[in-house]
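J.: For chain L, the structure is supplied; the task is to place chains D and C on it using the hints.
So the protein sequences, as listed, match chains L, D and C.
According to my numbering, the residues represented by the first sequence are 77 to 323, in order.
According to my numbering, the residues represented by the second sequence are 90 to 439, in order.
According to my numbering, the residues represented by the third sequence are 33 to 328, in order.
Hints listed in this document are in silico derivations from the structure and should not be mistaken for laboratory results.
Hints are not guaranteed to be accurate.
To be verified - Derived pair list, reagent style DMTMM-like, types lysine to aspartate or glutamate, alpha-carbon separation capped at 20 Å: (1) L/108 - L/264; (2) L/149 - D/289; (3) C/253 - D/336; (4) L/215 - C/200.
Fair warning: this is a prediction, and the values are worked out from it, not measured in the lab.
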Amino acid sequence: MNERDIVLEAKKIEKRFGGLKAIDDFSLHLYKGEILGLIGPNGAGKTTMFNIIAGSFPATLGEIYVDGKLVNKPQSHQMARMGVARTYQIVRPFSNLTVLENTMVGAFLNTGNTETARRKAREILAILKLEGKADIRGKDLTLIDLKRMEVARALATEPRILLLDEVIAGLNPTGRDMVIEMISGIRETMGVSIIIIEHVMKAVMKLCDRIYVLNQGKLIAEGAPLEISSNEAVIQSYLGVKKHAEN
Amino acid sequence: MKKLSKNNVWMLIAFAVAVILPNTTKSSSVLQIMVVTMMYAFFTTAWNISGGYAGQLGLGNGVYIGIGAYITGILFNELHVSPWFGLLAGGVFAAIISLGMGSFTFKLQGTYYSLATVALLAILRIFLNENRYIMGWDFGGPAGLKTKWLGVSFQNMQFMDKRIYYYIALGFLMISLLACWHTSRSKSGYYFRAIDTNQEAAASLGVNVMQYKLQAQFISALLMGMGGGFYVAFYQFIDTETMFNFELSFQTMLMAVIGGRATVFGPAVAACLLIPFNELLRRYFGTALPGLPMLLYGLILMATIQFMPQGVIPFISEKLERRKAGERARLPINGPEPGAETKGEANTDE
Amino acid sequence: MATIYLQALIDGILQGGVYATIAVGLSLCFGVMGIINWAHGETLMVGMYISYLCVQHLGMDPYLTIFITATVLFVFGFLLQKFVFNDLLKREVAREPLSVLLSTAGLSMVLWNCMTMIFGSFVMGVNTKYSGTTIRLNDLIISRPRLISFCIALVVTGALYLFLQKSEQGRALRATAQNRTVARLMGINIELLFCLAFGLSLALVGVSSALLIPTFQIYPKVGAVFSNKSFIIVVLGGKGDVKGALIGGLIIGIIERVGAVLLNESYALELTYVLFIIILLFMPEGLFNRKSKMKG
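Isolated chain L (complex conformation) (with noise of 0.2 Å):
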């Protein structure tokens, strides 16, 4: 077995709004320097479990460990300031303010100086190829845009985990791959651990080194990819029907 460390565990979380059981005993971790993929049919739980980890509103029962520490009650700004930064799938942009401006809120988290911020936001931005953009306001920005400066800005934070919530959905294929080979290079040039929620299976194959499957809020598979695909309850549940709707 692996002697790698886990960054990011979530143990057995069951999520309840009211009489609905959106998560049920869930558990899962994430290794240092991993890409791991988290796909389900809709409503499957996906975003909720992005929620709970995020800090967006707490699990009904369950507990997140962030590098083996057990996290009390977490609150949003708790848990990016622990290191977890997390993008959203229908955009949260701060429509008035610019792309770069943007970014460097998210890079203030770790420092109070206005120019080291904005230097800080330029990097990333530079790194993302956004830099042409950076004086547009984010009402201006077209969605590809839109969806690489929430990245921008959750990366300003300097995570060591990083949430991303259906970043390449909604893209045309050009767009796709420039994500793609956005994301890996973000695992690879700046060592963040990463959890993609994603519906798109080619970028869940190409990126991901391991895989969990949710359907209805429970874990119908755990794997690599290759396993993932070949599994007949996946199949069955999810895979099946995505694949007539792939190109």
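T.: Chains D and C only, in chain L's frame:
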């Protein structure tokens, strides 16, 4: 964000004008208008830190002005504390109350905060009307609080020459402008604006939303409370009607919204335009059409929100920005668009 | 001695019922659209002036003016939502519609000062054939117009409740209050629904304004008074909750009357504001709700 040198020139000119202005007239009523303008410019700039940058629309935020005014007035009358210190006390007191209000209501929708401040206005108004004497001190009740005229004295902030009041008010304005300017370029400023636009996204980036909202509120209330202290020193009279009614809050908010929330000078510029305008209207139509100024204020506010929601100044500067951005070619993801040079506005593909 | 309190209690209930009808429209809008109409009381004031004109110059029975004021204000509200507020709401999908709050604050100033310019700030009372008539019940004096107003208020509020529970539009309103996106996906025309909601809210205000005419004095500033009362009732009862608004109204009415006897009128009023702050601090969803967004 802005081009420094051009704006600096404008600022210097404006400052020079502001300094020279009171010496251009001997008319007491004109000087009065000038002092009032400076004072409101100060109020609205202070309001802007919390209401504009941080988006905490306390529609009843004028209550902090009233609190500062009463504290300063009482300290002066009863304990002979110089208004210079009194207004500091007033400001701090107002700021502490604002923390109380904020820590309970900031968890809720912003609307609730507005409702709470308006409730506070009513509570204080009724309480002071019913209780003239509190702890043995004379708060004036419904008739209001008068500060005793003790002769011209710097310590007592009592002067015959209105120009001195003007310069003090100008000084206050400079302080709040500085506070605003510093905020806008600092980490707090970026965080405030992030919170205003999308609170959850801000939290996901590590912003402790509650802490920063309270911080913005504290500074705003502190400055407004201090302004209230100046108010009572200048007018030498305050009552519950003027201090704890909705108009004061409304005007403070109005000027910031029209001038430009989240801009440093917008609110002050709006004040410098609206107050004299208000006065002119009152001169010409005062008796025939009472309430005309307020009516127009209301209409201008609605129109601004509808068509220039960021305020007049940001609206104009954004138009200029877009013109410049349209002249640069934009590169969509599949390579440059042929014939991408456009004059005029860049189109947004959504 | 007890009769005084009983009297105050009854007066409070009668008054509270009307307060409830005034506030329930505000509660509805808050629940469905998330907006507080800052000019709520001022539109009531406008309704009162309209009713006054009908009574004074057309010799109408004040209670019949309900039909006029309700219709006029419904149209006013509908158009306002259609041309002014819907655009603002569309802009601020990611956050609270604070711009509507600001806009209505401006509207309140416009209406208030408009009326001041037209009618002056004089206090006017209308002498109707109901004013001053009473019914005696043992030692209790019950003001006839207040009783009639109360009954009509109850009927109207009840009708609203049934409308929201049973009718298709009512259910659409409740669905939208719970989740706007889902409602839209279900094919509900949100924009039209909002116009309906706002129009309905002002129509209820219109009804109430006619109900107040026989017993209340009319002056431009009365708007602010009722705005504040409505805010308190909406918070007490929980947003979007008709039953809550009714009970909230009754509570406020009772506190005002009984408080006036126990302490004095001003302190009674003070008490309602203090109650308001307390509820805001500890039970902001209202006395009755926990998490529910909108009950009928």
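J.: Tell me the numbers of any earlier hints that the structure contravenes, in ascending order.
T.: 4
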